[in-house]
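One letter stands for each residue in the lines below.
Number of protein chains: 4
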Amino acid sequence: MARPHFVITIACDDQPGIVAAITTELAAIGANIAESSQFWDRQTNHFFMRIAIETPDGVDAEAVKRALKAPVARFDMRIDINDLAHRPKIIIMVSKFDHALLHLIYQIRVGWLDAEVVAIVSNHEDSRRVAENEGIDFHYWPVTKDTKSEQEEKLLELATKSGADLVILARYMQVLSDTLSRRLYGKVINIHHSFLPSFKGAKPYHQAHERGVKLIGATAHYVTADLDEGPIIEQETERVTHAMTADDFVAAGRDIEARVLARAVKMHLESRVMLNGHKTVVFG
Amino acid sequence: MARPHFVITIACDDQPGIVAAITTELAAIGANIAESSQFWDRQTNHFFMRIAIETPDGVDAEAVKRALKAPVARFDMRIDINDLAHRPKIIIMVSKFDHALLHLIYQIRVGWLDAEVVAIVSNHEDSRRVAENEGIDFHYWPVTKDTKSEQEEKLLELATKSGADLVILARYMQVLSDTLSRRLYGKVINIHHSFLPSFKGAKPYHQAHERGVKLIGATAHYVTADLDEGPIIEQETERVTHAMTADDFVAAGRDIEARVLARAVKMHLESRVMLNGHKTVVFG
Amino acid sequence: MARPHFVITIACDDQPGIVAAITTELAAIGANIAESSQFWDRQTNHFFMRIAIETPDGVDAEAVKRALKAPVARFDMRIDINDLAHRPKIIIMVSKFDHALLHLIYQIRVGWLDAEVVAIVSNHEDSRRVAENEGIDFHYWPVTKDTKSEQEEKLLELATKSGADLVILARYMQVLSDTLSRRLYGKVINIHHSFLPSFKGAKPYHQAHERGVKLIGATAHYVTADLDEGPIIEQETERVTHAMTADDFVAAGRDIEARVLARAVKMHLESRVMLNGHKTVVFG
Amino acid sequence: MARPHFVITIACDDQPGIVAAITTELAAIGANIAESSQFWDRQTNHFFMRIAIETPDGVDAEAVKRALKAPVARFDMRIDINDLAHRPKIIIMVSKFDHALLHLIYQIRVGWLDAEVVAIVSNHEDSRRVAENEGIDFHYWPVTKDTKSEQEEKLLELATKSGADLVILARYMQVLSDTLSRRLYGKVINIHHSFLPSFKGAKPYHQAHERGVKLIGATAHYVTADLDEGPIIEQETERVTHAMTADDFVAAGRDIEARVLARAVKMHLESRVMLNGHKTVVFG
Numbered sequence: 053m054a055r056p057h058f059v060i061t062i063a064c065d066d067q068p069g070i071v072a073a074i075t076t077e078l079a080a081i082g083a084n085i086a087e088s089s090q091f092w093d094r095q096t097n098h099f100f101m102r103i104a105i106e107t108p109d110g111v112d113a114e115a116v117k118r119a120l121k122a123p124v125a126r127f128d129m130r131i132d133i134n135d136l137a138h139r140p141k142i143i144i145m146v147s148k149f150d151h152a153l154l155h156l157i158y159q160i161r162v163g164w165l166d167a168e169v170v171a172i173v174s175n176h177e178d179s180r181r182v183a184e185n186e187g188i189d190f191h192y193w194p195v196t197k198d199t200k201s202e203q204e205e206k207l208l209e210l211a212t213k214s215g216a217d218l219v220i221l222a223r224y225m226q227v228l229s230d231t232l233s234r235r236l237y238g239k240v241i242n243i244h245h246s247f248l249p250s251f252k253g254a255k256p257y258h259q260a261h262e263r264g265v266k267l268i269g270a271t272a273h274y275v276t277a278d279l280d281e282g283p284i285i286e287q288e289t290e291r292v293t294h295a296m297t298a299d300d301f302v303a304a305g306r307d308i309e310a311r312v313l314a315r316a317v318k319m320h321l322e323s324r325v326m327l328n329g330h331k332t333v334v335f336g
Numbered sequence: 053m054a055r056p057h058f059v060i061t062i063a064c065d066d067q068p069g070i071v072a073a074i075t076t077e078l079a080a081i082g083a084n085i086a087e088s089s090q091f092w093d094r095q096t097n098h099f100f101m102r103i104a105i106e107t108p109d110g111v112d113a114e115a116v117k118r119a120l121k122a123p124v125a126r127f128d129m130r131i132d133i134n135d136l137a138h139r140p141k142i143i144i145m146v147s148k149f150d151h152a153l154l155h156l157i158y159q160i161r162v163g164w165l166d167a168e169v170v171a172i173v174s175n176h177e178d179s180r181r182v183a184e185n186e187g188i189d190f191h192y193w194p195v196t197k198d199t200k201s202e203q204e205e206k207l208l209e210l211a212t213k214s215g216a217d218l219v220i221l222a223r224y225m226q227v228l229s230d231t232l233s234r235r236l237y238g239k240v241i242n243i244h245h246s247f248l249p250s251f252k253g254a255k256p257y258h259q260a261h262e263r264g265v266k267l268i269g270a271t272a273h274y275v276t277a278d279l280d281e282g283p284i285i286e287q288e289t290e291r292v293t294h295a296m297t298a299d300d301f302v303a304a305g306r307d308i309e310a311r312v313l314a315r316a317v318k319m320h321l322e323s324r325v326m327l328n329g330h331k332t333v334v335f336g
Numbered sequence: 053m054a055r056p057h058f059v060i061t062i063a064c065d066d067q068p069g070i071v072a073a074i075t076t077e078l079a080a081i082g083a084n085i086a087e088s089s090q091f092w093d094r095q096t097n098h099f100f101m102r103i104a105i106e107t108p109d110g111v112d113a114e115a116v117k118r119a120l121k122a123p124v125a126r127f128d129m130r131i132d133i134n135d136l137a138h139r140p141k142i143i144i145m146v147s148k149f150d151h152a153l154l155h156l157i158y159q160i161r162v163g164w165l166d167a168e169v170v171a172i173v174s175n176h177e178d179s180r181r182v183a184e185n186e187g188i189d190f191h192y193w194p195v196t197k198d199t200k201s202e203q204e205e206k207l208l209e210l211a212t213k214s215g216a217d218l219v220i221l222a223r224y225m226q227v228l229s230d231t232l233s234r235r236l237y238g239k240v241i242n243i244h245h246s247f248l249p250s251f252k253g254a255k256p257y258h259q260a261h262e263r264g265v266k267l268i269g270a271t272a273h274y275v276t277a278d279l280d281e282g283p284i285i286e287q288e289t290e291r292v293t294h295a296m297t298a299d300d301f302v303a304a305g306r307d308i309e310a311r312v313l314a315r316a317v318k319m320h321l322e323s324r325v326m327l328n329g330h331k332t333v334v335f336g
Numbered sequence: 053m054a055r056p057h058f059v060i061t062i063a064c065d066d067q068p069g070i071v072a073a074i075t076t077e078l079a080a081i082g083a084n085i086a087e088s089s090q091f092w093d094r095q096t097n098h099f100f101m102r103i104a105i106e107t108p109d110g111v112d113a114e115a116v117k118r119a120l121k122a123p124v125a126r127f128d129m130r131i132d133i134n135d136l137a138h139r140p141k142i143i144i145m146v147s148k149f150d151h152a153l154l155h156l157i158y159q160i161r162v163g164w165l166d167a168e169v170v171a172i173v174s175n176h177e178d179s180r181r182v183a184e185n186e187g188i189d190f191h192y193w194p195v196t197k198d199t200k201s202e203q204e205e206k207l208l209e210l211a212t213k214s215g216a217d218l219v220i221l222a223r224y225m226q227v228l229s230d231t232l233s234r235r236l237y238g239k240v241i242n243i244h245h246s247f248l249p250s251f252k253g254a255k256p257y258h259q260a261h262e263r264g265v266k267l268i269g270a271t272a273h274y275v276t277a278d279l280d281e282g283p284i285i286e287q288e289t290e291r292v293t294h295a296m297t298a299d300d301f302v303a304a305g306r307d308i309e310a311r312v313l314a315r316a317v318k319m320h321l322e323s324r325v326m327l328n329g330h331k332t333v334v335f336g
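Chains as they are written, first to last, in our numbering: chain A, 53 to 336; chain B, 53 to 336; chain C, 53 to 336; chain D, 53 to 336.
What the hints contain is simulated information worked out from the structure, not anything from laboratory work. No false leads were slipped in.
The list makes no distinction among identical chains, and a pair is therefore deemed to hold if it is satisfied within one copy or across any two copies.
Computed cross-link-like contacts, EDC-like style, restricted to lysine to aspartate or glutamate with a CA-CA straight-line distance of at most 20 Å:
1) Lys-331 x Glu-262
2) Lys-206 x Asp-189
3) Lys-331 x Glu-290
4) Lys-331 x Asp-300
5) Lys-331 x Asp-299
6) Lys-206 x Asp-217
7) Lys-252 x Asp-280
8) Lys-252 x Glu-281
9) Lys-318 x Asp-299
10) Lys-318 x Asp-300
All chains should be modelled from the sequences, with the hints used to inform the complete structure.
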């Protein structure tokens, strides 16, 4: 079956004529629009658009780009053209808890997520066997105060060499440095095991248990230099009771973390997430 | 604050150029697109689109219609132009349980639903006081085998005279005749107190209790001649336990029915629901 | 149908023999246990129990109390015996938004909540008509810095004179004084329109919108002198999107607030909520 | 930390004195009640109880049984005493889709489920590698009309020899024979990929897609001779949209199936599920 070939995302200030300008050029090259979503943020007058198109044979990314050159210039658009023939590459970072990692690998295997895991990076040895079973490169890079910057340099190098499109912190319990957070901004997704902004920082399930909440949650967000304050992509909550211990919260939270992270990654890889200041637009 | 003035819905067979054709004409009359959604049903090759626009002063519904005349003809589109200056009129039908009715009235009062209730029709007297408190015309039309067709004639007449855009069966426990169902097709929304297609027919909560399900639900759908088989607009479920009686199910179900119906009505009134054979497209 | 006549709640330090001691005495007076729940908090070794019983004719609350006197003394229990023949009395306080109030009234009307509203108290006139329609005493007590303590005195007096079992802050936007919070501790339930502990204080939906969360929530809790820090009884969340404004959050939040509050009130009135330090045990 | 040592489940006709009789005997042997739940089905007057106890050193299952002998006889109780020192053994059956299998294995690995997988049985070779990685016996038993009864004999033999407490159909796509269903009644849990009783039989996601539902679901139930009619243990639903294909439903359903099945298995293994005619009591 023919599938959309390109996903185009566009952001600019809003004004009449944007959609007409873009879609007229697309029609001119014979592109058929398979999906289209848009959002006009009235507070800021920013306009966001995502279009998935199918093009005739011979119309490649370069041709699409050329076709859109005029409207992009006219409306001063930020534009991204994502060729669906390119399979996204991801690096997964993990510490000791591997449920989020395993869930990502499984979802890739069954095709719900379309991505290639180019490496698993960990500050512990625990996930080596999983990596080997899957035939994925495993990098054991323990982190101390002294080795942290060196390790981050290696990560950047790995990201560059492997052509990784996304770095996923799948319960990676080290805080990235400000520098790294800035350099990879919008390219690193973290799963935080609480319903942010509640329970920032360490041991959120224990904080939640101590507070006596009736729901726990998980939050997938882009990593920023400001810890646990990055733009939120996806969240979910689950009911807990007084009869559960903090450890029960941890156990109950594993599923929700794994699912929330996987959904956020899927949305990102399908170019459904756009940054809007410190918030996100998610075209579901 | 300026709000969208018109909502345009379009349905036709899919082919390249549809969006460009429409949006180019809209740009030509200075319309700004506030919201836009589309769906291409690959199984049937049907294309569905909903566009909310804001137009400059002086551009009225007639002008929008004129502007779109060419593409409508070219692509053989079904088109609807909904002027948001027109406040939709609704008739609510109810039997004895008034929770869904009360919820609709409340949601209108606080502005979440934008509609005018032109009449409440019931086969019981129970809701008269509510209607009078709200200053809404109340029609007590008891239904027997003999009076049913006569009562339906009165309903049609009322709908015509009042200019009602929508009839809502808010726990109205009479089955509409085939004839009426066909004449008002797409204009009557019913709330069924089960997660359809489970537990069609009478006493669904008791059926659900008897079966020992762990979730109960509610379904809002367009009424068709085929009972409980109409296109589904909205559904939701809620957890129940073995410790609950069938009456507890009924009580728990009231909230969910009221909310599911109100959401379906809102979606319909905002022209977010389009019929796609015996299914619906809902642009959320 | 025969229904449970008494609900007994018990709290003490845990040790073997508690349940046997209590239930043996209950069996001796011919009481049948209709429902029973218990919780042993291993962190603190506190034991909590709720038993609903049906007793033979002639066995009244005094007789139940007498029967349990020995085990209560032996295990140093806090005990409450709630006679279900006594219909609980509640005072509802409200400011301008009346959805939570209306929902409570409706749930009482249809019997899901079993309580008598002895008064509606407000610092605004808006809900007078609702109160009058329902035949409920309405007290308009505007609050300024100068009149606050006087108003709180009146509230205490009203609670005493009316024999109110519970005061419900159904979107009452005044903070109770420390003194009042302490005097009525465990007898005042508030609905906070956020998923606490996120977004304490004023305008939580606007805070949530600003932060870009993907879920909003509501929290019902007992009122303490420490604002928004009281023991949580019930919470729920609901999905929101980037396309919604802060006002849309407010609208979406109304349902969830009303439902969460009503559930918390129901749990409380059925003696299902027990205080466990700054947390609650909720026997669902 | 000390953990409950025994879980006792009891079922009998309801009458006063049951709880006292049981808990008095338990207190006499120094047992401490860690958890207790009960349910009185007023429709049938059946009484169900689950008690988790911790006993002093030297009090073993035999001693508990002996202690309860008198009340068991007096009230004509069905009783089960589950020694928590015994780790439950399970057989997992699977066809081609392995997500539910993988989820069970993972939940066992992290300790959320406490069980030993004594064998994986499949009518396909696909899961052999998973079994081998985990060091679990794998039986490839293809099923045809001719080999079905033979294969079922092997299953019974395997269950007996391995001492399996539970057989889990984790997307095993063969229907068990009436004979086998009856012999293993209450010992076989299946996951059905729909919200039963909707969409029984084959390809439920495609049926759901065809019907245009807005929620899909999964149901874990005990297997009976009556296909898809067994007592329901657990269910859950998830939102879908018009924009999703039947294949998207299948993908979205995987998570929910895996979770619903795992929860049902956990409830069963913890003796929280009791059969009540064709329904279940689930002490959550």
